[in-house]
Amino acid sequence: MFLLLFSIRSTAWLKYYPTEQREQLSHALTLFIPYWAQTSPQHAQNVTRLDDAQKQQSLVEDISKTGSDENALDVAAAVQVGAVLDLPLMHTRASLFLFLNSLVRHLFTLAVLS
Amino acid sequence: MADVDNAAETEKPDGATAQWRAFIQNSLRVRLDQGKFLQLAHELTARSPIPGLKLASFLLGSQTASSKIVDPRIPIFSEQLLEARIINTDDILAALFQQHSDRTDAQKNGSNHNGSELAAIILEHLTKGFVTSKSPYTIPETRQSLVVLARWLESIVTAASAGDALMQQLEHQAHPICDSLGLLATAMLENPRVVGVVAKVISKGMPVIC
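Respectively, the protein sequence lines represent chains L and H. Using the working numbering, read the first sequence as starting at 1 and increasing by one per residue. Using the working numbering, read the second sequence as starting at 1001 and increasing by one per residue.
Be careful, since some hints might not be right.
[Said to hold, decoys possible] Covered by chain L, per the in silico footprint, the following chain H stretches (three or more residues, Cβ under 8 Å):
no.: 1; region: 1140-1150
no.: 2; region: 1153-1160
no.: 3; region: 1177-1184
no.: 4; region: 1189-1200
Note that these hints are calculated values from the structure, not bench results. Yeah, the Cβ is synthetic: ideal placement off N, Cα and C, and Gly gets one too.
With the sequences and hints as input, model every part of the structure.
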């Protein structure tokens, strides 16, 4: 009980998450540097300095997560799951075997359950 | 002068906040000498300590109620409080960011303020502090400064990309802040202490107890 209370109290002190702050700073710099370069051409040298400092400290926003999501969406769009065609039934020996096999399995399952 | 002394000396029933507010207002009103201001600020800090963010908000917020010209005592006082470690860099930066947001909201109602000019002056002083390595002093101060800087940078870009017609009208006022923030960000990311904090403190994957 004491350990539980201590753990609950101790989590109140965990209010600083370095990874989130790093991501926030990287995101802000990634947004701001192109905007600053566009709005203030007279500060081109300072923009370059800020860009260099951002890259030296690895504060570049990681776009691999968003890229993977976009790739997944592209694959899902390319598969087009909803556009599967309904082919007409073909009466062949193999189809008859599959039909009888599934029928027997279904009857066997019903017999076991009853 | 006597008013300032009274504000610093007398105990008021509503606590440190009212004392500091009166002290700041009277110091600006009588254009108090820098040395005397710093001496009284030390005395008042020892007697009635106040959070740095609140004090910075009092000092920077007193500009909006005054004339259209930036009171030169405000940046001087803020610099003195910063050098005396009564307030920190992140306090000034957070107060400026808060007032800049409020000022933008107020300008939607047609009021006229010169907060951008004051913010540009204060940001220039902060930039000089980072360039000359006078700032920052502590890791929490550095960390909080980076947090406020990131939020401010993001808010500027977000406001500009919103496509609001009002923001287009205010664009000429936003550029000085944009340039000042860019210079501040450059100075911060080139400061050896900030580089150390970025490399060591905010690179860990686990939460830090603070």
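Looking back at the numbered hints, which does the structure fail to meet, lowest number first? none
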